[in-house]
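Protein chains in written order, with the numbering used here: chain Y, -17 to 373; chain S, 19 to 347.
Keep in mind the hints are simulated off the structure, nothing from the lab. Each hint should be verified, as a subset may be incorrect.
Unchecked claim - Rough simulated footprint, nothing fancy, chain Y against chain S, three-plus residues with beta-carbon under 8 Å:
1. 51 to 65
2. 110 to 116
3. 131 to 142
What the hints assert, rightly or not - Listed below are several chain Y residues computed to face chain S (Cβ distance under 10 Å; list not exhaustive):
4. L1
5. T4
6. R11
7. Y76
8. T87
9. A234
10. V235
11. W237
12. F238
13. W240
Ideal Cβ positions, reconstructed from N, Cα and C, are used throughout, including at glycine.
Here is what each chain is made of, one letter per residue.
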Amino acid sequence: MTAAAIRHRRRRARALWLLVTTEAKLAWRLPTGLIFGLALPALLLVIFGAIPALSRPKEQFGGISFFSLYVPTLILLVLLVLSLLSLPMQLAGYREHGVLRRMWTTPVAPSFLLAAQLALNLALAAAGVGLILGVGAGAFGLVLPADVGGFALSVVLSAGALFALGLCVAAVAGTTQVATGIGLALFYPLAFFAGVYFPLTVIGSSLVNQISEALPSGAAFDALHASFLGQFPSGEALGVLAGYTVVFTVAAVRWFRWDVEQVRKRHREARVAARALTAPGAFISHALTRTVIVSGSPSAEQITQELRARVPSRYEVQPGRKMKRSLLGDEPAGPDYIMVKGGLTGFWRAEVHIVRGTGGTSLQVKPGGDPVYSRIGVARKVGRALQRALS
Amino acid sequence: MRSAALSGADGPPVITVEHLRKAYGATVAVDDVSFSVRRGEIFGVLGRNGAGKTTTVECISGLRVPDAGEVRVLGLEPRQDREELHERLGVQLQQGALPPKLRVGEAVQLYASFYDRPADAARLLERLGLEAKRGSYWRALSGGQKQRLSIALALIGQPEVAVLDELTTGLDPEARRETWDLIAGVRDSGVTIVLVTHFMDEAERLCDRVALIDQGKLIAIGKPAQLAGQAATAKRVRLRAPGQQGEQVLRALPEVSAVEHHGPDIVVAGSGNLVTVIVLALDRAGLVAEDVRTETGNLEDAFLALTSRAGQSSAGAAAGGPAEEPARP
Chain Y
-17 MTAAAIRHRR
-7 RRARALWLLV
3 TTEAKLAWRL
13 PTGLIFGLAL
23 PALLLVIFGA
33 IPALSRPKEQ
43 FGGISFFSLY
53 VPTLILLVLL
63 VLSLLSLPMQ
73 LAGYREHGVL
83 RRMWTTPVAP
93 SFLLAAQLAL
103 NLALAAAGVG
113 LILGVGAGAF
123 GLVLPADVGG
133 FALSVVLSAG
143 ALFALGLCVA
153 AVAGTTQVAT
163 GIGLALFYPL
173 AFFAGVYFPL
183 TVIGSSLVNQ
193 ISEALPSGAA
203 FDALHASFLG
213 QFPSGEALGV
223 LAGYTVVFTV
233 AAVRWFRWDV
243 EQVRKRHREA
253 RVAARALTAP
263 GAFISHALTR
273 TVIVSGSPSA
283 EQITQELRAR
293 VPSRYEVQPG
303 RKMKRSLLGD
313 EPAGPDYIMV
323 KGGLTGFWRA
333 EVHIVRGTGG
343 TSLQVKPGGD
353 PVYSRIGVAR
363 KVGRALQRAL
373 S
Chain S
19 MRSAALSGAD
29 GPPVITVEHL
39 RKAYGATVAV
49 DDVSFSVRRG
59 EIFGVLGRNG
69 AGKTTTVECI
79 SGLRVPDAGE
89 VRVLGLEPRQ
99 DREELHERLG
109 VQLQQGALPP
119 KLRVGEAVQL
129 YASFYDRPAD
139 AARLLERLGL
149 EAKRGSYWRA
159 LSGGQKQRLS
169 IALALIGQPE
179 VAVLDELTTG
189 LDPEARRETW
199 DLIAGVRDSG
209 VTIVLVTHFM
219 DEAERLCDRV
229 ALIDQGKLIA
239 IGKPAQLAGQ
249 AATAKRVRLR
259 APGQQGEQVL
269 RALPEVSAVE
279 HHGPDIVVAG
289 SGNLVTVIVL
299 ALDRAGLVAE
309 DVRTETGNLE
319 DAFLALTSRA
329 GQSSAGAAAG
339 GPAEEPARP
């Protein structure tokens, strides 16, 4: 390597370092990430550590205390906040406001800024994990993992999977607002499977466990929990985390665009693709439709009355309305349509379409909203009621 | 000040754009645009909003990939030689914000670290009148100050060429004039400047040459005075409408290229000694030329004349390619 090339490299390294320190200053000046990513988990640790009852071993938690069970969760809370909220919001904001475009016009690529943001958030994550371990061990007698390698591997792979997912959010979100929306939509369920709301062991359901093991936060919890119990984390958990890291990284690299216009363009393409995807949905709903042949030709009012009399009173019967193609909406329709809605949200529902042919009248009962539950729930009841009353 | 630029106008062009084309879906933003920029000049890219100016300079800056055609900046291909190009090309983009809580001094220091041979940050800030604002956050700056910081960031790498996109839009008149002086000063220090603007007065005042772009097409290129002069020598004479017969007489004249109605008046475009020709011809036909006025051209007239021509008949100026470039002095 020539001397000039070495100088060039040094300058690039200096640029990256300056970017990281500048990002750190900005994070200090607008400390949302610091508060929710570091201070909040540490505060929770202190609160739970200070309650003596939570430090007693419990049979329901497999012979350990709630406090010990909650430490891996707090570590994951640090990672979840920084990876799914802090990082994507920052990066989407930089794209939205043209900071990445401006970077593009300099000799260093926008990837330097992305790398700096990633490095900063990873450093904060490391600090957060260190804070929890330090305070936990120093003040509340937390037993640190005996197998340091297994624990470190669990933390690194958990961070890998979650930060790669965060980069996917940053890649597809055009604006800070969208990034926040997607980030929160991922954060809440993933936080649940990390045990943030309550330890998953209290559910004791094998289905929940299976789902949990397949998700990044659940697998991460299993790996971290095992290390705190003094075991080496299971190959399954580490494998799941490594798999997510690879898949999300590839996806983020493929999807990431520097320019907000490019992101919008991709959204337009995605909408076109989504329209094509509703075709299978229509097919499924068609396949789940049942036809009831009725004798004579009852009027729509008659059918409505029969339905009101025979379906459980929690269902609402609305003549003259039909389902929209979207998941929840419905719209006014001719007298040949009747909607039956159940549940608070109307998510379980069915549509009755009266088809008057030359051979007689038939009624098509189509499940809506969530097609599966509607099929075995409201649509089945509506079909039976019509069968009994009219055929 | 312009003479300083022209002395360096010889030699190979620093930017060449050949048959550039860029479409977004069905909309053609830039259609077969060709021009070249000489070293040391302020080259204006002038057009209405949405004419395709920004797309053109984004292709020059390597931000967009052209669908067809070729762009060379300092002999480099903007996408392939991105890193080397941006060492030597400074770009100030429309709507390029910075993090709200980044201080002016920090921004300049940070961007200086991106370049191999950065300018002296303190001197640059002083030159742009921002030395007192060193410690201010980006969000606390006024529009003019933000614009000046953007220029500073475009110049921090000591570029040979600077692209400045719509840099006086949204500024008050005084800030605009200050910015103009600044740009002229930058050019005098030897930087070639591509200035994108939709303000005619800005182009007329600052630019050594301008390219007029309308609906994605290049409709004229040349010195502002020459383009304005073209509108004047392709002279326009306004007079009270002489009636059907009089118009026929005028249209038949070899010197007259067009006759247009403007309310009670007609505007006759043509070349040569147009006023005399018109008066004599009408006199021969037994008619009187009333309220005869010649219209002096400025760049705005040239622009309007050229764009309306392109709009009326697409086979006109547009298909004929850009107006002839004047021979070099």
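Establish whether the coverage given for the segment 131 to 142 of chain S by chain Y is satisfied; the threshold is a Cβ-Cβ distance below 8 Å, and no fewer than three residues must meet it. holds (count 4)
Holds or violated: F238 of chain Y as interface residue toward chain S, Cβ cutoff 10 Å? With a minimum Cβ separation of about 16 Å from chain S (threshold 10 Å), the hint on F238 of chain Y is violated.
Given hint V235 of chain Y near chain S, where the shortest CB pair must fall under 10 Å: violated (18 Å)
Status of the A234 of chain Y interface restraint (C-beta, 10 Å, chain S): Hint violated; A234 of chain Y Cβ to chain S Cβ min 21 Å, cut 10 Å.
Cut-off 10 Å, beta-carbon criterion: hint that T87 of chain Y touches chain S: Because about 4 Å separates T87 of chain Y from the closest Cβ in chain S, which is inside the 10 Å limit, the hint holds.
T4 of chain Y as chain S interface residue, shortest Cβ-Cβ below 10 Å: holds (5 Å)
Are W240 of chain Y and chain S close enough, Cβ to Cβ, to be under 10 Å, as the hint says? holds (9 Å)
Chain S contact restraint on L1 of chain Y - CB to CB distance below 10 Å: holds (7 Å)
Status of the R11 of chain Y interface restraint (C-beta, 10 Å, chain S): Result: holds, 4 Å to nearest chain S Cβ.
Minimum beta-carbon distance criterion (10 Å), W237 of chain Y to chain S: For W237 of chain Y, the interface hint is violated, since the closest Cβ of chain S sits about 18 Å away, which is over 10 Å.
In terms of beta carbon proximity below 8 Å, does the segment 110 to 116 of chain S have 3 or more residues touching chain Y? holds (count 5)
Min Cβ distance, Y76 of chain Y to chain S: is it shorter than 10 Å? holds (7 Å)
The earlier numbered hints that this structure contradicts are 1, 9, 10, 11, 12.
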